[in-house]
Structure formats: C-alpha cells, structure tokens
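In order, the protein sequences belong to chains A and B.
Reading the first sequence from the start, the letters are residues 1 to 267 in the working numbering.
Reading the second sequence from the start, the letters are residues 1 to 82 in the working numbering.
Everything labelled a hint here was simulated from the structure, so no lab data went into it.
C-beta: ideal position from N, C-alpha, C; glycine also.
Incorrect hints may appear among the rest.
Sample of chain A residues at the chain B side, in silico, Cβ under 7 Å [as the list claims (entries may be wrong)]:
no., residue
1, Q219
2, H227
3, S251
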Amino acid sequence: MNFEPEIRSLSGAEWNTAHPPLKTRWLSMSSHHAAKITSREFRAKHCHFSFRLGPDHENVVVLDTMGSSPLFVGEWMPLASESLEMKQGASGMRKRISAASGLLGLFLVGFAGLYRDLAAQIQPDPQLAFTATLDKEIRDFLKHEVTAHVADINFTRPSPDRVVGALTTGEFSLGHVHAYAGRLFSVRLHKHDAGRDIPQMIGKMAPIELSHGGKTWAQLYAAMALHSYGRDLNHNALWLSLSPEGKGNLSLVARSRAILRCKRHTS
Amino acid sequence: MQKTHKLIHLPENYFGVAARIAAIDYDLGLNTDRASLDDLLNRAAAHSQGRSLADDSLPTGRYDRYRTSMRARSMMRPARWA
Chain A
1 MNFEPEIRSL SGAEWNTAHP PLKTRWLSMS SHHAAKITSR EFRAKHCHFS FRLGPDHENV
61 VVLDTMGSSP LFVGEWMPLA SESLEMKQGA SGMRKRISAA SGLLGLFLVG FAGLYRDLAA
121 QIQPDPQLAF TATLDKEIRD FLKHEVTAHV ADINFTRPSP DRVVGALTTG EFSLGHVHAY
181 AGRLFSVRLH KHDAGRDIPQ MIGKMAPIEL SHGGKTWAQL YAAMALHSYG RDLNHNALWL
241 SLSPEGKGNL SLVARSRAIL RCKRHTS
Chain B
1 MQKTHKLIHL PENYFGVAAR IAAIDYDLGL NTDRASLDDL LNRAAAHSQG RSLADDSLPT
61 GRYDRYRTSM RARSMMRPAR WA
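So here's chain A without its partners, still in its complex pose (with noise of 0.2 Å):
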C-alpha cells in the first residue's frame, strides 16, 4: 500500500473522525487508548497532523504539525477502497482512487475548515490523559514485579520453598501463580515481558501440581489461568502452545474431578 501523499491524507482523515464504535471495532485494546489521545491532540491541533504508513506497512504513524515527531502509532483500518485494492489489484485501483481525489479533496478542504472552527471550541480532555498515564504505570509496575517474581521461579523437582522470599509450601500457593501467570494475558502484557514465555510456564507448572496431587485449588487456578487466555480452546494461545503432553497435563489438573466422580458413579 503505497499510496500518494494526499491520498494517504485522505484516508488518515477518514479514519480519525469516523464514528467512535467504528475506531472501537476496528481497534485493539491497546490502541483504543491511544485513539482516544490522537482525537484529543487532532482537536488540539486544529487539524494540523499528518500520517505516513510504519515501515512495516502495517501500522500508521501520526506525525505532528510540523511532521516531524510520530504523535503515535497504531493499527491500519483499512479503508473499503483498499479492501477493494487488494482485490483488483494495485495498479487499476490507485487510477481510480486518483481520479477520485480531485472531488473529494474539495470536499475535505470545506470539511477541514469547518472542522477547524469546531475544534477551536474543544478544550483537550484531562481525564484521557490521567487514563492513559495510569495504563502505562499500571503495566509498567505488573512487569516489573512479574519478571522478578517469576526469574526466582525454578521448575526442577521438588518445587521451590521459597519464592522472593515467600514461602511456597501449602495447598495452593503453586496455583497461585498458574492463575495470576493466566492473568497476564488478559492484561495485555506481552507473553515474553516477564522475562520467561509465561504460557510454556504455565505448562510445565502442571505435571508440578499433578505431582501434589492437583488439590482442589489447585484445579480451580488451573482451569483459571486456562480460562484466561479464551474460552475457545481452538483460538487459545496457551493451549494452542502446549504439546499433546502438556495439553493432557493441563487439562488433567484443570478438570473437575466432582464432575469425573460424578461420573463413574452414575456409569
């Protein structure tokens, strides 16, 4: 997608002020924020901002007024025009998208006017700003403390008495890892940010909790940080990660054997 300048322009232009559910849907979580700060600084800067694609031709990139700092960096929405491209073709589509740029840049340059008065009238929102600060603080604690925590983590048998300094012993203090390592995943921290692929940890922590005997916790924090990374076991990262071994491992511990009992009573 290499596009002309203005038509890039063009399309930077619809994506930012498309409807607000339409940037939700076609945004991930982590970029939702930082759509909501590029709204606030194109109100800001009185339309004043320019986007180029990322190198790796996925991303967008915000550049300032002066178009020289990247304000951000987020996910391409692609437009139905290039949705349409990849169809046709490069070639016949960007003729097309040319001749049509003659139109609708007049339309955009009355839009952008208007536009300008209106965003004169906006004052930039603190509360997103405080939002996206604590995100970043939040993530940036939860990593720091997690890569500590789980680096004193050893995996050898017998499991570890003491992790930081925390004892280790009892039912379900094993467990406790397996589902706050799960809980990672839901709050976006990457699976390599604790220093250890956190899924393959999580993988070898259950032949450790079948050899306790996969306690009723333990079950529960299995089946937890399972839960964590999808309901659907065919789109699961972890399970998706673990080997035909690891996976009958994991699900021996997470199921629940009042079901299993159940089970072979009735049968």
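Following the hints, position chain B against chain A.
Relative to chain A, chain B alone:
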C-alpha cells in the same frame, strides 16, 4: 452407586470451588455434561442457603474473600449458558 451429595474429607464450602472449576471446564468445552454442572451448581447454591455465603461456619455464615470472588464469577455467566 447412589449419590450422597457429600464431600469426602473436605469442608462443604468446597462445593463452591468445585462448581467454579466445573463451570470453567464447561465454558472451555473440557466438560460437556451440563446435567453434572447443574447438579454441582445447585449443590453449591444449596450450601449457601440463598445468602451467597460460601464458607463452612454454618449456620451463621461468614463473609470472606472467596465469597466475593465466587459471587463475581457466578454473575459473569457466559451467553452460551443461557
């Protein structure tokens, strides 16, 4: 063998834990037996006597963190349960 609806060597409030495990398993598709899940959920509900107390200090009950956790989970029933 007849079902006794009694837990062996465990406090009765573990029905709540068992019900949560079974509910997650059902949601993940690890267990497809809805009747067994309903049985466990009903048993856990019966134990709480309609007050959402999930501890074993009957008949008065006691508020603890597990009660909050289980209550929150039960309120997040997925659509496919309907």
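Status of the H227(A) interface restraint (C-beta, 7 Å, chain B): 5 Å, holds
Minimum beta-carbon distance criterion (7 Å), S251(A) to chain B: 6 Å, holds
When the least beta-carbon distance from Q219(A) to chain B is tested against 7 Å, hint result: 5 Å, holds
Every hint, counting from the list given before, is met by this structure.
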